[in-house]
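A.B. asks: Sequence:
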Amino acid sequence: PVDPETFRDTYQPYTPYVQIVGRNPFNFFDPAMGARVSIGDALRGINLQLFAGPGYTRESELAVTGVDTELYAQEAMGPFTLSAWRYAGSRPIPGSFDDRFERVGYGFTYGQWSRFSSETVYINGWDSNCAAPRLTGCTSTGGFEQLRQELSRNVFAEARYEWTQTPPAGLSHDGVLLLGYGPTENMRITVENVFAASPPNTMNAQFTIAY
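Residues in the sequence shown are numbered from 884 upward in steps of one, following this note's numbering.
Bear in mind the hints are in silico, worked out from the structure with no lab data behind them.
Wrong hints could be hidden among the right ones.
Unchecked claim - Simulated restraints, written as ranges between beta carbons of each label pair: (1) Ser979 to Pro1066: 45 to 55 Å; (2) Phe980 to Asn1037: 49 to 59 Å; (3) Phe1078 to Thr1003: 34 to 44 Å; (4) Asn1084 to Ser979: 21 to 31 Å; (5) Ala925 to Pro1051: 20 to 30 Å; (6) Glu1028 to Ala925: 37 to 47 Å; (7) Gly917 to Asn1084: 32 to 42 Å; (8) Asn1037 to Val950: 43 to 53 Å.
Note that the Cβ used here is the ideal one computed from N, Cα and C, for glycine as well.
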């Protein structure tokens, strides 16, 4: 429901979007082929989107299985945006049954185009086959809260906390603190500190140009 990957200021990926459950390689970060139909304005009012594409994850070496579908609904009300979606598909698990899975997510955004913004995402997932060779279903969850503040016309700061609960790994969480400078609209220079369990502290610096 929130698409920060359009221009991700941080070097650290959004953990719930790269979350992998069991032996299913699906995640929200890798691009997918398919068709998308959109109705309504994505910037104001109600917007509905429907996606359908081959059940396949790039670089996974798994055969195409069925069709992936996603239904996305959003309502933008001034500074507030509410959104929800359901993504469903199937992936073949070598030596076992296919994994039929779904991901249901909810998002709340405040101040997307203002000096201060807040983005909140919660994801709940279900997989029918999490453990090979026996057929065992499982649930997974994840989410993040991201705050962004423009300190001046070109300088900004971000703070993010995120977590995932994935069998059999269990609970994992991390945080990001970032200070950035944007000399132009599509250019960023950022320095960030990532707090996680392992490694406990990581510093990243990057220079980004987007077109």
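A.B. asks: Each hint: holds or not?
C.D. replies: Each hint tested on the structure:
1. A beta carbon spacing of about 52 Å between Ser979 and Pro1066 agrees with the range 45 to 55 Å that was offered as a hint.
2. Between Phe980 and Asn1037 the C-beta distance comes to about 54 Å, which sits within the given range of 49 to 59 Å.
3. Checked against the hint of 34 to 44 Å, the C-beta distance between Phe1078 and Thr1003 comes to roughly 19 Å, which is inconsistent with it.
4. For Asn1084 and Ser979, the Cβ-Cβ distance of about 39 Å falls outside the hinted range of 21 to 31 Å, so the restraint is violated.
5. For the pair Ala925 and Pro1051, the beta carbons lie near 38 Å from each other, so the given range of 20 to 30 Å is not met.
6. Taking 37 to 47 Å as the suggested C-beta distance range, the pair Glu1028 and Ala925 does not conform, at roughly 22 Å.
7. The supplied range of 32 to 42 Å is met by Gly917 and Asn1084, whose beta-carbon atoms lie about 39 Å from each other.
8. About 45 Å separates the C-beta atoms of Asn1037 and Val950, a value consistent with the hinted range of 43 to 53 Å.
Checked against the numbered hints listed earlier, the structure breaks hints 3, 4, 5, 6; every other hint is satisfied.
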